[in-house]
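Trainee: If you read the protein sequences in the order shown, they are chains U and L.
Here our numbering is used: the first residue of the first sequence is 603, the next is one more, and so on.
Here our numbering is used: the first residue of the second sequence is 17, the next is one more, and so on.
Among the clues, some could well be false.
[Unchecked claim] Below, simulated BS3-like cross-link-like pairs (lysine-lysine); rule was C-alpha separation at most 25 Å, straight line:
| id | chain 1 | residue 1 | chain 2 | residue 2 |
| --- | --- | --- | --- | --- |
| 1 | L | Lys23 | U | Lys693 |
| 2 | U | Lys625 | L | Lys212 |
| 3 | U | Lys625 | U | Lys719 |
| 4 | U | Lys718 | U | Lys625 |
No wet-lab data here; the hints were simulated from the structure.
Chain residues, written in single-letter form:
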Amino acid sequence: MMSITGIFSKNNEAVQEKVHEPKPYSNPYLVGIGLGLVLLASFVIMGRGLGASGAFSSIVATGVYQLAPDHTVSNPYFQEYVGDGSINPLKDWLVFEVLGVFVGGLISGLIAHRVKKTVEKGDRISVRNRLIFAFIGGGLMGFGAKLARGCTSGQALTGGALLNLGSWAFMMMVFAGAYAMAYFMRRQWT
Amino acid sequence: MNAPFFKFDMFSFDISLVVAFIIGIGFGFALERGGFGSARILASQFYFTDMRVLKVMFSAIVTAMLGVFFFVAFGWLDLSLVYYTDTNMIPQVVGGLILGVGFVVGGYCPGTSCVAAVTGRIDGALYLIGVMAGIFIFGELFPLIENFYSSTDMGRVFLPDYLGMSYGMVVLLVVLMAVGAFAAAEWGERKMAAKKSGVVK
């Protein structure tokens, strides 16, 4: 069993890789059924689905509020997340759910020996450019998710399973946007 | 059974945060199991070489959709108490397109980038910082785009009502569509693998 502190150490990594090859990923259909049951549990227990981008909105709004409280209160969008200040905006369902996502991802990665300090990219792009694209892509995603009132989890998964019209329209557009852009991004991935 | 439990006041807000954390663990665990901590695997969906994104997403949607459908049919779950967002058609279509472009440029979506970052992917961590930058820019621009953001407001739209079909019929159509998509994905993967290994069929 590898120690949590040892994962990122280079010396350890070479040894670990010989002993523990990363395990192959699970069957996608079984993973999907498992994910669907988590989503169903959320509907039954909480009356709401999963999310991700909303948690980061709370974090951003909190950060802006710390730096410029007056500015935050005058902005209707941030204001909605910060509220009247009576409760901490980070004491929020999605913030706690996303904390769980970090923990769950780490547990699964550790069990399968897939925790590794690396940059995910194809062979035809430099690390620096890949990181720039990661940042830009994240920015587009953050902006788009706010406009669409949710991301892949809050709209596509949650709204998809609940047969929400807007979520299905959104989901089709995500695939359309990604496939339309894929050709121009091929050097990054293939 | 009276569900959703939280809406029937079966536990407090503070307990709901514990529930959130546990459900999040399940969510993150499943995403990592599926290979979604790796941008290369996520992106290969858009080059037809590995269709895991489609397979995981649609089997999850179908599983949860069938569960909700039967729980409602048995009278266990009150669907009117399950929250989903209103439909604002044009902003959601535009938002979806931007998000799709961001997906193939950045390699993740917000949830998967959390799993990527925590399993050591530096690009995943940078992506997350980008997400927060994008949200910040959206918030700052909000007064300018507020009208567009609130446009084409259709309220809460349940797909069966919109299509004028029964709930069961739409569920059946989604299941059939998913099975068709799975078959096409398996076929496409085999085709791409054959092309890559130089065997032309």
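Trainee: Next step is simple, just say for each hint if it's right about the structure.
Mentor: We went through each hint and held it up to the structure:
Between Lys23 of chain L and Lys693 of chain U the alpha-carbon distance is near 19 Å, which keeps this suggested pair within the 25 Å criterion. Restraint check for Lys625 of chain U and Lys212 of chain L: the C-alpha separation of about 24 Å stays at or below 25 Å, so the hint holds. Distance hint between Lys625 of chain U and Lys719 of chain U is fulfilled; the C-alpha atoms sit about 16 Å from each other, no more than 25 Å. Between Lys718 of chain U and Lys625 of chain U, the direct Cα distance comes to roughly 13 Å. Compliance with the 25 Å bound is thereby established for this hinted pair.
Checked against the numbered hints given earlier, this structure breaks none of them.
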